[in-house]
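Colleague: For reference, the chains in residue letters:
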Amino acid sequence: MKCQQCEKPATFHITELTGTEPQELHLCESCAKSYLTQGESAAPVAPTLANVLAKQLQIGKAAEELAKLDQRACPMCGITFFEFRNQGRLGCPHDYVFFEKELTPLIANIHGESRHVGKRPPGHEGGSDSQTELIRLRREMEDAKTKEHYERAAKIRDQIRELEKQVKPKRPAAGEGQA
Amino acid sequence: MPTPQFQDLANRCGEWLRGSGPQSEIVMSSRIRLARNLAEFPFIRRCTESDRLAIEKQFQDAIGSVGDWKALLFSDVATLPSVDRQLLVERQLISRELSEASGPRCVYIDPEEQFSLMVNEEDHLRMQVMHSGLDMETAWEQINRMDDLLGERLNFAFHERLGYLTACPTNVGTGMRVSVMLHLPALVITQQIEKVFRSLQKMGLAVRGLYGEGSQAMGDFYQISNQITLGRSELDLVKQVGEVIPVIIDYERQARAFLVKESRKDLHDRVSRAYGILCTAQTISSEETLHLLSSVRMGVYLGLIQDLEIPTINKLFIHTQPAHLQKLRGAELPSADRNVERAMYLQTHLRRSNNGGSATDN
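Read top to bottom, the protein sequences are chains H and D.
To get the working numbering, take the position in the first sequence, counting from 1, and add 7.
To get the working numbering, take the position in the second sequence, counting from 1, and add 20.
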């Protein structure tokens with residue numbers, strides 16, 4: 008992991024608890040030293056997730072490119088990259104696929120790793136296209152409703168019901184469920 | 021008082037202050053939480069009201085179908101009076117985020133208070149298991165089983181390479197946060213606490229105050245937890261946090277021994293003054309109370325106070341917090357009145373305790 012303020016490797020990982028939200032800093036020794044010795048009055052850097060990301064993006068991107076990226080919206084939940092950047096929260100599971108190029112270095116930066124090695128959901132078969140499709144359809148239905156296109160909304164609702172039947176709850180065998 | 025709900029809870033001590041379990045002199049509690057999301061809904065911030073209701077329904081059905089979970093207390097946080105929400109936060113059964121957010125959200129609570137399931141927090145589901153004392157392995161076994169039970173019933177958002185998908189990329193992978201709450205008064209007095217924190221941070225561990233994110237270290241309580249959630253197995257994360265705790269316990273013990281040896285008189289004075297104020301104050305804030313109780317708690321363990329028992333102190337830690345105090349009083353009180361009520365409560369319970377030997381409060 009690189010220092011947030013220069014290019015040296017970050018060896019200090021600081022959680023700042025004084026603000027309304029905790030802030031995580033990843034700094035090299037010399038930047039950490041100057042950070043830790045600065046007075047209470049000095050305005051602290053605000054290395055929120057969004058800022059780390061903004062920095063990461065500025066390194067390799069022209070303003071025009073960045074503006075274009077900001078407008079990209081996930082086809083499932085509709086969140087734009089700009090909104091994610093500002094809020095630090097993603098809009099739906101599909102964002103990890105749709106914004107993969109931008110998220111991969113960010114995730115590597117946060118975790119120092121890029122591959123999950125922990126547990127998996129029991130009986131997970133992989134492939135969740137129909138589930139993310141539901142996110143898109145529900146959003147379209149809401150949109151149709153607010154525009155008073157009720158026929159269209161009803162049509163989408165039928166599609167949703169059909170799809171829900173397919174993805175619906177795994178039913179565990181009776182008698183299970185001892186916690 | 022708006023509802024009699026949780027009156028029973030308020031009377032009891034709560035898991036994190038039970039004061040039992042391994043190393044409970046310094047380790048208050050061990051907690052593990054998992055973040056999970058349903059694959060077919062947007063993450064919380066993009067949810068409409070009807071999405072949130074549909075999410076609640078899916079969890080209601082899934083949780084309702086688990087045989088052993090019939091006795092869980094359900095609470096609709098969205099319609100809960102604020103004093104009750106605060107009560108659950110003080111007991112560490114729900115997060116401040118769940119308490120203060122808006123829109124449909126709810127929680128299922130184990131009557132023993134060892135676990136809770138928060139629905140529509142930052143992720144669709146935040147489940148947590150909390151055990152008194154240092155007991156992370158058992159907590160992991162328990163939450164792993166709970167997660168399996170729900171994973172068999174629901175489609176959690178899961179990515180082949182990235183693991184469990186979460187609203188914030190800082191939680192992706194295992195979605196797991198292991199945290200241990202420690203009581204470290206001697207490290208604070210000897211001013212070594214900063215040093216300890218810096219070395220923890222170097223190891224990739226986070227240090228937070230009593231009520232988690234953003235809260236100050238009230239009453240010398242600190243939570244130590246993992247930062248990284250991806251690229252390590254759940255057991256590795258438990259181990260990572262687990263390895264460092266005995267070292268900190270040892271530092272705290274050494275600092276206590278040092279204080280007893282090098283400045284016994286000063287320490288005894290400090291502890292006795294704290295005890296004196298708690299017994300005689302006429303108005304006192306919850307922050308000052310936590311601060312003084314912290315000294316007294318250490319004083320009892322070091323034998324500097326003879327006529328008090330640890331369970332009494334642990335109970336006072338929780339019962340003097342704002343929502344608990346009001347719940348026990350049976351009325352909502354403005355802050356100034358709470359400070360008077362708190363002083364009275366402390367007097368009554370400390371006197372009763374040292375007159376009668378053992379505490380017999382309700």
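Just to be clear, a hint being listed does not mean it is correct.
A few chain H residues facing chain D, derived, Cβ under 10 Å [stated by the list, open to error]: (1) C10; (2) E14; (3) F19; (4) L64; (5) P82; (6) T139; (7) R145; (8) E149; (9) Y157.
What the hints contain is simulated information worked out from the structure, not anything from laboratory work.
Since we're looking at a predicted model, the values are computed, not measured.
Just so you know, even glycine gets a beta-carbon here, dropped at the ideal spot from N, CA and C.
Colleague: Are the hints correct? Go through all of them and say.
Modeller: Structure-based check of all given hints:
Given the 10 Å rule on beta carbons, the hint for H:C10 is violated: about 14 Å separates it from the nearest Cβ of chain D. Against a cut-off of 10 Å between C-beta atoms, the interface hint on H:E14 is violated, since the closest Cβ of chain D lies about 20 Å away. For the restraint placing H:F19 at the interface with chain D, the shortest Cβ-Cβ distance is roughly 6 Å, inside the 10 Å limit, so the hint holds. Interface restraint check: H:L64 against chain D, minimum CB-CB distance 14 Å, threshold 10 Å, status violated.
The beta carbon of H:P82 is not positioned within 10 Å of any beta carbon in chain D (closest approach about 12 Å), and the interface hint is therefore violated. For H:T139, the suggested interface contact is upheld, since its CB lies about 7 Å from the closest CB of chain D, less than 10 Å. Interface hint at H:R145: satisfied, since its Cβ lies 7 Å from the closest Cβ of chain D, which is below the 10 Å cut-off. Using the Cβ-Cβ criterion of 10 Å, the hint placing H:E149 at the interface with chain D is satisfied: the shortest such distance is roughly 6 Å.
Here the hint on H:Y157 is broken, as its CB sits about 16 Å from the closest CB of chain D, past 10 Å.
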